[in-house]
Amino acid sequence: MSKMMKRSSIVFFTLIISFFITSCGGDYIPKPKGYIRFDLPKHEYKTLKDSCPYSFEIGQYSLIEQVNPEEPCWKNIFIKPCRGRIHLSYKPVNGNLKQLLEDAHSMVYGHTVKADAIEEQVFLNPARNVYGVLYDIKGDAASNIQFIATDSVNHYLRGALYFRAAPNEDSLAPLVKFARKDIEHLIETLRWE
14 MSKMMKRSSI
24 VFFTLIISFF
34 ITSCGGDYIP
44 KPKGYIRFDL
54 PKHEYKTLKD
64 SCPYSFEIGQ
74 YSLIEQVNPE
84 EPCWKNIFIK
94 PCRGRIHLSY
104 KPVNGNLKQL
114 LEDAHSMVYG
124 HTVKADAIEE
134 QVFLNPARNV
144 YGVLYDIKGD
154 AASNIQFIAT
164 DSVNHYLRGA
174 LYFRAAPNED
184 SLAPLVKFAR
194 KDIEHLIETL
204 RWE
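The sequence shown begins at 14 in my numbering and counts up one residue at a time.
All clues stand as given, with none of them false.
With a straight-line Cα cutoff of 30 Å, these simulated DSBU-like cross-link-like pairs (lysine-lysine) come out:
#1 Lys-93 x Lys-62
#2 Lys-127 x Lys-104
#3 Lys-111 x Lys-151
#4 Lys-127 x Lys-111
#5 Lys-127 x Lys-46
#6 Lys-104 x Lys-194
#7 Lys-46 x Lys-93
#8 Lys-104 x Lys-93
#9 Lys-104 x Lys-62
#10 Lys-59 x Lys-190
#11 Lys-62 x Lys-190
#12 Lys-190 x Lys-55
#13 Lys-111 x Lys-62
#14 Lys-190 x Lys-44
#15 Lys-46 x Lys-190
#16 Lys-93 x Lys-59
#17 Lys-190 x Lys-151
#18 Lys-111 x Lys-194
Think of the hints as simulated: they come from the structure by calculation, not from any bench.
The whole structure should be built from the sequences, with the hints applied where relevant.
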């Protein structure tokens, strides 16, 4: 055997032996499940007041997006920290409150295909003439939170929270919880102009 072949054989066997020595050892321990961590800011609010017949407080970190120039009081509130959007639609009440409420009910309960449950929370503020319902839609529905608010005579406001992500209740839970607090605050500070 040539010197070169002996040397390469020794190097080869040395590498194989060192590989087996270093690869064996230690117990296999499965890694724990990892979860996405969101660094969400503290809830601080600013007043949204424009030419629309309503005002309320939104998060300092939120942006208002105009949706349709023909409907200037239909807006999206983009909640930057959780990348969620609250789609707001305002309609004046002209003897059509029953129809507006039925439409909202249909939109909420249209999610029953994917929803595990739908919980309702009633909001009553007679001092501000604001009456509403907040819907928590549990499960992998496209919209996890929807709400309506009205004075039952002149004003009707509807909102729905959406994320640009596949609906997965477990992954979105911290973001939905964060946005829910902002939505509750929006309803609690709502004033008709």
